[in-house]
Each structure stands twice: as structure tokens, then as C-alpha cells.
Amino acid sequence: MSSVPLQTGVGEVNPVYLGIFVVYLLAVLAIGGWAYLRTDDVSDYWVYGKELGPTLATWSYVANFVSAVSVIGFVGSVYGGGYSIVTGIVFGLMLGISGLYFVVHKVRELNHITFPDIIAELTGREVARPITGCVLLANAWVYLIMQLVGAGLLVTTITGVPYQYMIWVIGGVFILYTVMGGLVSVAWTDLAQGTLMVATVAVALAYMVFDLGGLASLNQQFMALDPANVAPLGDGAYTLIGVAASIVAFFGTIFTSQATVVRINATDSIRTAKFHLAAAGFILSVFYVMLVMLGAGTTVALNGAGLAVENVDRAFPVLIMEYVPTTVGTIIIVAIMSGILSTTDTRLHACGVTAAHDLYDYFVDGSADDEKLLLVSRVSTIGFGVVATAAAVNPPGTIISLYNWRAILLTSALLVPVYAALYYRDTSGKAVLASIVLGAVCGPGWNALGEPLGAPAAFVGVGMAILGLVVGRYAWQDTTSASPGATPSDD
Amino acid sequence: MSILGMPTGMFLVFVATLVAGSLGTAHYVIVHVIMGQPVDETIREDTPAEVGENV
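Line by line, the protein sequences are chains A and B. Counting in my numbering, the first sequence runs without a single skipped number right up to 695 at its last residue. Counting in my numbering, the second sequence runs without a single skipped number right up to 82 at its last residue.
For the record, the hints were derived by calculation from the structure and aren't laboratory data. Keep in mind that the hints are not guaranteed to be accurate.
[To be verified] One side only, chain B facing chain A, incomplete, derived with CB under 7 Å: (1) 34; (2) 38; (3) 40; (4) 48; (5) 51; (6) 68; (7) 70; (8) 71.
Beta carbons: idealized from backbone N, C-alpha and C, even for Gly.
So here's chain A without its partners, still in its complex pose (with noise of 0.2 Å):
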């Protein structure tokens, strides 16, 4: 990945727009703080001292997975390259969501807290913690990365205020709401977030398919501007095998995610865990249709409009800016923030989680106390989040390729030893470990050699991962198993 010039000029400053961000931003301050007081201990920190109810679930969960990618990414995405991201990363995705919905009981009944737990047991070996906590850091400080790039960006165009600045306002908001009431703080204010970000999406879709003559409407004319905008293969810019990769590494990082893992060992009960995915791939499916046909909109009211944009992350604010009127772009503009900042929080958690739960604990001190942990957590949340806050002021690459780059990480390493270990109780853990690492260097190692050979990272990296699972499996057949667990199901 190249690093990407931002274009980060700005103009006047809006006192609407900038007004309506300090509020927001005081507010999620305001939900801190009172998570702070209802944080009494590491397990509520960690995870809601497992009480998470299908509603907040539910919805903490939606509002995690709308993040900066989904929109801003996605529409820039869509402004260029039509509606094959459909294709391509958002049917994995949703399929993930409904295949997670029916192994969840198998993640839950462990009782754990996060994935690197599960993966210690599943392997019978502590170092499968620190082994799996680097590349679960790797994926949560990328995505970081993206959240903060994708949030600077809109609030720069929108307020007027430098991007370089606001990167660090946005930032530090976040990072000390987190650190006050970790997963607390986090539920509440992705309710709050992710019910109104779908419904503001929903009524910026119904304003431009009003606005440009109804939803057929709309589709013809951004097949007027290039037929492929149209065509799920964007009519030859992607080939069948380079989608069919996509769809696994997307379809895998939903299995394979610490945010997602930590928040189903919060739920309260296993039918609460399969209840919020339940409820949330429908949401969510519907939520990305409305999203990616307002992209389709944006397209063709930028390009009728004459205000074409060359970096295409900046396709949704200019349409905010300069082609909504202010009343419709302030309502669009809380929807975005709310699923930027409510993913923020969810990563920076998580990286909090994963540095004390599963480094510290492993190579520092194995016997510190919930207070020493909490104080890790906070301590290192802080870390990560002044680190990738200062990585997005130069971001390493557009969002959409970030996120492409941590899809293959996180499927290459962990979807196939973890799962298939779920169900193979008998696997060598051996195997497992050897599984995990060869598909974490493979995967994103040929996506950095340029994919050779025409063969797309994700297989690779997943091929790697299946070929030390069944090696492994018979090489080291005699020796320690994973943990048979206390009750596995047998389905």
C-alpha cells in the first residue's frame, strides 16, 4: 500500500456544521462519563460483566460494523467502480453474518472473553495468545487507522477546520470516552448511534431518489455514465476469481474479528448472542441496499452537478457540501459521524482488551490483579489510539484498500484453524498454531508481493491455512489436542 496525499485544503469555516460536531462530540464525553460510574470492575470494562441484552447487542453490534468503510469508503467505492462492491465484499459480508448466526453457540458456550482465549484453549497452548493477540492488533489498529482518516476527512470538509487538527480532536474525544467506560461507554453510545445512523441513511436515500427522479430513475442514469456502474462483475474490472476471493476474505473477517468475539461473550445468554446476529444481518443487508444505492446517487448528482472528485473518498462529503441543501446534509452528517465513531470506539476497546488480556497477562505478569488489568486496558487504549491517531495523518492507503488489506490478514490467519478446531476437538494444536501462522504471513505476504501469478491473497493465505491444518493434523496426531472443553455441543 502507497500512502495516499490527502487533499486536506479547506475552505471557511461552517459554525452550523462545526456547532453541530462539538454538541456531538460532547455528548459521547457526557456517556463516558457516566459509564465510567457504572464501570465497577474489569469484567464490566471488558465485557459488560456478561449482561449484554439482545437490544443493545443488537444494535451495538450494527453500529460497530457501519464504520468509515461502509460510508464513505463504500460510496467512493461505488462513485468508482458501480455497484460490483455488492458483489464482491458486501454479499460476503452479509453471508458471514447469517454462517456466524449458526456456529455462535460454539464461541459462547466456551464462556470466554476473547479470541485469543479461545484459541489458547482450542490448542491447549498459552503461546497461542500473544501469537493471536498480534495479529488481531494488527487488524484493529488498521482499522483504526481507517476510522480516524475516514472521520477527519468528513468533519475537515464539512467544518472547515484543518485536517491535521481535527484528526487530533476526533481522536482524543475517543480515545478518553473509551478509556473511561470501556465496553459500557461503548454499548450505550453505538445504540444511540446505530439506530440513528440507519435511519438518517435511510432518509438521505429517499431524498436523493426524490431528488433524481425516482429509484429506477437514479439507476438508469448512472448506467448512462458508464455501463459497467451496472454490471456485478463492473463488466470485466473484476474477474470471477478475483470476487470469489473477496467474498471469502470478507466472509471470514466476520468470523474472525476480537470485537465481534468479545461482544458475543458479553451477551447474556447463547439465545441473546444468536438473537443479535439474527436481527443484525437483516439490518444490516438492508442498511448496505439503501447505502450503496446512495452511492449510486452520489455519482450522478456529482457528476450532473459538474463537481466530479478524483480521490473518491471525498465523492460523500462534496455531496454533503456542496449539493444537499444544509438542513438534509446536517441530517447526513450525524449518520456518518455516528457510524465512524462508533466503530472508533469499538476497535480502541478492543485494542485495549487484546494488549492486557492477551499480551500483558502473557509476557509480563500472569498473576496481576483486575485493577493492575484495568489500568493495562486503559493504559494501553491510550497507546494505540495516540499511535494510529498520529498513522492517520498520513494514512498508508485509501480506506477501501486498508480494508481489504486487514480482510486478508484476519481470514488468512484465523478462519480456518479456529473454526475447523471448533469442530475437530481431536486437532493436534500443534497444527492449529502452525495453520494460524502460515496464513497470517501468506495472505497479506503475496498481497505485498502484488498478488504473483495472477492468484488473489486470500486463497493463498487460506490455502496455507488448510494445508498446515491437514499436515499438522497427521504430523503431529500423537501429540497434546486441543482442550475437549467442558460441554461442547454436538452439533
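Add chain B to chain A, keeping to what the hints say.
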């Protein structure tokens, strides 16, 4: 042939996406709500403190 202003193939991709996201929803509603089948709530009480170190 076009549906909602887009080619049928693209329209079907949208439909497939909606269906893909709703598979869990459909299962939950049919099995656990309409048929009333309970969810197996076997969550173990205590997690193992620390697994053996074998590497």
C-alpha cells in the same frame, strides 16, 4: 431486461445479498419463534484458568 433500472443480473446480486444477510434471521424466526424450539443454553460456569504450556 431491466428491473428498477438495472440489469437483471445486478438486481439478482442485490437480492442474493439481502437473502444472505437474512438466513440467520429466517432460521431464528422459524425455529425459535414460530416453532418455539428453545435455544440450548449450555454455557459452562467456569473457564479453565490457564491451559498447559506445551510449546
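Quick rundown of the hints versus the structure:
1. 34: 6 Å, holds
2. 38: Nearest chain A Cβ about 9 Å off; hint violated.
3. 40: 5 Å, holds
4. 48: 3 Å, holds
5. 51: Holds. Min distance 3 Å.
6. 68: At 5 Å from the nearest chain A Cβ, residue 68 of chain B passes the 7 Å test, so the hint holds.
7. 70: Holds - the Cβ of residue 70 of chain B comes within 7 Å of chain A, reaching about 5 Å at its closest.
8. 71: 4 Å, holds
Taken one by one, the earlier hints fail for this structure only at number 2.
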